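Enquirer: Protein sequence lines, in the order shown, are assigned to chains A and B.
Residue numbering for the first sequence follows this note's numbering, starting at 467 and increasing by one per position.
Residue numbering for the second sequence follows this note's numbering, starting at 3 and increasing by one per position.
Keep in mind that the hints were calculated from the coordinates and are not lab data.
Incorrect hints may have been included.
With a straight-line cut-off of 25 Å between C-alpha atoms, the simulated DSS-like cross-links for lysine-lysine are [claimed, not checked]:
1) A:Lys511 x A:Lys479
2) A:Lys479 x B:Lys105
3) B:Lys41 x B:Lys105
4) A:Lys511 x B:Lys41
5) B:Lys105 x B:Lys44
6) B:Lys41 x A:Lys479
What you are looking at is a predicted structure, and each value in this text was computed from that prediction instead of being measured.
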Amino acid sequence: QVQLQESGPGQVKASQTLSLTCSVSGGSVSSGGYCWNWIRQHPGKGLEWIGNIDYSGRTDYNPSLESRLAISVDTSKNQFSLRLSSVTAADTAVYFCARVIVATRDIDYWGQGTLVTVSS
Amino acid sequence: DIQMTQSPSSLSASVGDRVTITCRASQNINNYLNWYRQKPGKAPELLIYLASILQSGAPSRFSGSGSGTDFTLTISSLQPEDFATYYCQQSSSSVWTFGQGTKVEIE
Chain A
467 QVQLQESGPG
477 QVKASQTLSL
487 TCSVSGGSVS
497 SGGYCWNWIR
507 QHPGKGLEWI
517 GNIDYSGRTD
527 YNPSLESRLA
537 ISVDTSKNQF
547 SLRLSSVTAA
557 DTAVYFCARV
567 IVATRDIDYW
577 GQGTLVTVSS
Chain B
3 DIQMTQSPSS
13 LSASVGDRVT
23 ITCRASQNIN
33 NYLNWYRQKP
43 GKAPELLIYL
53 ASILQSGAPS
63 RFSGSGSGTD
73 FTLTISSLQP
83 EDFATYYCQQ
93 SSSSVWTFGQ
103 GTKVEIE
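Let the hints inform the model, and build the full structure from the sequences given.
Expert: Structure follows, in structure tokens:
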């Protein structure tokens with residue numbers, strides 16, 4: 467059974483960098499056939515795709531966040547990470563990490579989500 | 003970006019009812035359409051992928067249909083655990099987008 471778990475600070479000051487890590491168990495980030503995603507949900511709102519990375523390090527980013535965004539993978543730790551710079555209150559959200567099956571392009575496993583609040 | 007529009011935004015129904023939710027894409031998405039159910043405080047869970055294929059472990063009361071730009075999720079007999087918010091999501095383009103959600107409430 468694949469499990470994903472987000473970790474990182476629950477509060478970040480405005481203008482600083484939000485950093486989250488997703489630890490994967492029951493599967494390998496090095497496996498071909500999958501890519502590793504970040505998705506967020508503003509309080510009481512819908513879902514927003516942030517971006518993804520595959521086992522080779524190839525990334526796709528949401529253009530609305532691309533200038534502030536970096537997603538990386540650490541195969542030695544079986545983790546992937548999100549860094550979002552210059553945060554504002556608009557970046558306050560629950561952040562989910564998730565696994566996508568490349569062949570069918572669906573999100574089959576999600577982390578539980580972690581709330582990140584941007585404070586002034 | 004491809005825009006995804008769901009309707010209705012919310013609905014009220016009773017246990018046992020048949021429920022239909024629609025999702026329209028702003029351009030052809032070649033059946034790369036997924037449906038998720040999200041219960042309060044939880045992560046979404048995959049119900050249907052590639053427009054009509056039931057995810058392993060998802061209840062058989064869920065079905066999906068459609069192609070091109072117009073898609074439907076049907077719940078044949080609503081159960082108590084189905085009172086939740088449902089999202090469609092396209093994965094046709096390199097930038098993935100979700101519908102705004104449909105909240106299914108108890109009538």
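Enquirer: All the hints need checking, so say for each whether the structure fits it.
Expert: Hints, verified against the model:
| no. | hint | in the structure |
| --- | --- | --- |
| 1 | A:Lys511 x A:Lys479 | holds (22 Å) |
| 2 | A:Lys479 x B:Lys105 | violated (33 Å) |
| 3 | B:Lys41 x B:Lys105 | holds (10 Å) |
| 4 | A:Lys511 x B:Lys41 | holds (13 Å) |
| 5 | B:Lys105 x B:Lys44 | holds (14 Å) |
| 6 | B:Lys41 x A:Lys479 | violated (30 Å) |
The structure fails hints 2, 6 (numbered hints given earlier, in ascending order).
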